[in-house]
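K.L.:
Chains A and B supply the protein sequences, listed in that same order.
Under numbering that gives the first Met the number 0, the first sequence has 79 at position 80, and the numbering climbs by one with no breaks.
Under numbering that gives the first Met the number 0, the second sequence has 179 at position 180, and the numbering climbs by one with no breaks.
It is possible that part of the hints are untrue.
Rough simulated footprint, nothing fancy, chain A against chain B, three-plus residues with beta-carbon under 8 Å [what the hints assert, rightly or not]: (1) 31-44; (2) 114-126.
The following residues of chain B were derived to be distant from chain A, with all beta-carbon distances above 10 Å [what the hints assert, rightly or not]: (3) I7; (4) V9; (5) V14; (6) I16; (7) P22; (8) H27; (9) A47; (10) G49; (11) T56; (12) E66; (13) V93; (14) Y132; (15) P133; (16) K148; (17) R167.
FYI, nobody ran anything at the bench for these hints, they're computed from the structure.
Keep in mind the model is a prediction, meaning the values are calculated, not measured.
Backbone N, C-alpha and C fix where the C-beta goes; we use that ideal spot for every residue, glycine too.
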Amino acid sequence: MNAQNFVERVNNSDITERTDQDTNSPAEVNSEDAGKTMVDAALNSEEPMVGTVVAADLMNKTITHEVVKVMNVESSADLLNREESERFRTRWNEIQGKFVDEPRSAVQQADALVSEVTEKITRMFTSEHSSLESQWHQGKDVSTEDLRKTLQHYRSFFNRLVV
Amino acid sequence: MSTTYTIIAVVLVLVIIGAILGPVFARHQRSKRLQSQFGPEYDRTVQAVGSEKRAHTELEERKKHVESLTIHSLSGGERQRYLADWAAVQSKFVDEPGQAIVEADRLIMEVMQMSGYPVSDFEQRAADVSVTYPALVSNYRAARVIALKNEEHQADTEELRQAMIYYRSLFEELLATEEVLV
Chain A
0 MNAQNFVERV
10 NNSDITERTD
20 QDTNSPAEVN
30 SEDAGKTMVD
40 AALNSEEPMV
50 GTVVAADLMN
60 KTITHEVVKV
70 MNVESSADLL
80 NREESERFRT
90 RWNEIQGKFV
100 DEPRSAVQQA
110 DALVSEVTEK
120 ITRMFTSEHS
130 SLESQWHQGK
140 DVSTEDLRKT
150 LQHYRSFFNR
160 LVV
Chain B
0 MSTTYTIIAV
10 VLVLVIIGAI
20 LGPVFARHQR
30 SKRLQSQFGP
40 EYDRTVQAVG
50 SEKRAHTELE
60 ERKKHVESLT
70 IHSLSGGERQ
80 RYLADWAAVQ
90 SKFVDEPGQA
100 IVEADRLIME
110 VMQMSGYPVS
120 DFEQRAADVS
130 VTYPALVSNY
140 RAARVIALKN
150 EEHQADTEEL
160 RQAMIYYRSL
170 FEELLATEEV
180 LV
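Chain B with its partners taken away, still in its complex shape (with noise of 0.2 Å):
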């Protein structure tokens, strides 16, 4: 008789241990699969939102936005159209640097929203590369901070390269993409 209520004790201390443990372990797998996803951006995430938990709520949505729109290449035409657009701008910076990173950004959002992505404000577009491209949504975020600062005629010559150079590492990876993601 004794032994039953042993084992019934034992089993309802495992069950609550369990029940306890379980969620945290759960959030702790959550928590490790988004930070390998997107790298660095789960860092920022969870500092500009305040908690982990949120930071999981926001990126799963991010995840989801992303999944819900129709990602495709560009054609081949367009790829070569972009490159040479790519080209004229990146030679224009020697004579206009400030100009030249306006265009930079534009052709950026040209080409999200030629591949599917809505037309959307600038932190809307950050969330949806940092799902699709995390790896380089820094450097999208390194650029903007940059181009924010040339609209203030604050950006010298030498940080407005390093945003041209920040925009093409993005622009390319937005190009070369060569099959139907998500």
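Extracted from the complex, chain A is given alone in its bound form (with noise of 0.2 Å):
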């Protein structure tokens, strides 16, 4: 999906329906949905964190992570497949959900998961780097294509760290 795209489903989503009820409009509201396009916003863009909270909730929720993506030309490589990340936003929105009851152990929580988050994508970048590495000692070549998606899979990580 292109940049056009994005500004079209945009447009011909609610937005263009939206009223100042609409938060509390039941039809609209799918909590689910909303802290999926709040994480999605926060672990693809590059924007600060409150920025792209604000801008996720402006935009309602029928706008999917993909769409938020394509706002994020530079991350085009996933670093989790789909259902890791669909797991590990449940697992996040239900956190969320319960830190009015329980604050704390939501933000132990947060904690464990984050931790959990990054040693898989640590994990990920060691054995993609220990791949490339033992191909360079057998003294094969490694393929630019190989090489140029491992690039784009640590410029990933690096610009959803560093703002």
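The task is to assemble the complex, starting from two chains supplied on their own in separate frames and drawing on the hints.
P.N.:
See below:
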């Protein structure tokens, strides 16, 4: 999907129909999607967190994470596959939802979740890198395409960490 | 002859005692009944209006008012939607606690109107809630105090979190209503 599609999709979706009542309008509220959008914005965007949350909120829930990704043309490489991302997102939404009841435990669980995600991504980099290393050591030619993909992965992670 | 006079005198005395004690007893019964129905709201009302007698009138009027309404439970679909709305508001608390409180309050108003309560100010809403959910009206009032503080930007995050929980206790009851009330 290109930027043009994104704009169209946004315009065709309910942004134009939004009223000040929207957050309360029963038909449109889907907490899971809302959380998803927010988490996606946080995971994918190169903007500061605060900005993306506001943006995600403004854009309402029908905008799925693919659309948000389009905004971030630099991070085209996915670090986690779709199911993994979904699972992590679901867990994040649960944690955020329970903050009101158990703030402390929510923060502890968020810490654990973030550690888990980071470890997973670090492991992925380690294995990618060591596979390249081993190919180099065996005197094999690593294809430029593989190197390009790897570099994209690194950039993807880098962009999410460095504003 | 004197026996007849004695009997008349005794009966007269009894009637007088009855006339004096009757209303006292009736008021006591009424007080007990209202107290057991309204719980802590009873004492609050006595304090607010200044006397037990006026509190009785006030509480009886509240009951009459709610009885005159046609309160009905929400449909399954409406319930689901409002539950989802609530989950969204509760999740929003993490980013905008103050705004989440405002929306939680608004959701309660909406659900009340959907259930047949008239559009009214907070005091009237609380009065209606006190009839149907006497145990929860104190939570509703406590949340209100925090919401007003929030409007002045004086409420801290922990207070706002408490308000959220107070609101939810009422919200859940409003949604859980399974049959026609009153």
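K.L.:
Does I16/B sit more than 10 Å from chain A, CB to CB?
P.N.:
holds, 58 Å
K.L.:
So is Y132/B really clear of chain A, every C-beta pair being over 10 Å apart?
P.N.:
Fine: 21 Å to the nearest Cβ keeps Y132/B off the interface.
K.L.:
Is it the case that P22/B keeps its Cβ farther than 10 Å from each residue Cβ in chain A?
P.N.:
Its Cβ never comes within 10 Å of chain A, the nearest being 50 Å, so this holds.
K.L.:
Should the label of E66/B as a non-interface residue stand, given a Cβ cut-off of 10 Å to chain A?
P.N.:
At roughly 29 Å from the nearest Cβ of chain A, E66/B sits farther out than 10 Å, so the non-interface label holds.
K.L.:
Does the no-contact call for T56/B survive, Cβ to all of chain A over 10 Å?
P.N.:
holds, 37 Å
K.L.:
Far enough from chain A: is every CB of that chain over 10 Å from the CB of I7/B?
P.N.:
holds, 72 Å
K.L.:
For R167/B, which was marked as not at the interface, is the minimum beta-carbon distance to chain A over 10 Å?
P.N.:
violated, 8 Å
K.L.:
May I ask you to check that K148/B keeps its beta-carbon over 10 Å from the closest beta-carbon of chain A?
P.N.:
At roughly 18 Å from the nearest Cβ of chain A, K148/B sits farther out than 10 Å, so the non-interface label holds.
K.L.:
Go check the region 31-44 of chain B versus chain A for me, would you? Three or more residues, Cβ under 8 Å, otherwise it fails.
P.N.:
violated (count 0)
K.L.:
Please check whether the beta-carbon of V9/B is more than 10 Å away from every beta-carbon in chain A.
P.N.:
holds, 67 Å
K.L.:
Counting residues of the region 114-126 of chain B that have a beta-carbon nearer than 8 Å to any beta-carbon of chain A, does the count reach 3?
P.N.:
violated (count 0)
K.L.:
Checking a non-interface call: every C-beta of chain A should be farther than 10 Å from the C-beta of H27/B. Is that right?
P.N.:
The assertion about H27/B holds, with a minimum of 43 Å to chain A.
Figure legend: structure checked against the earlier numbered hints; hints not met, in rising order: 1, 2, 13 and 17.
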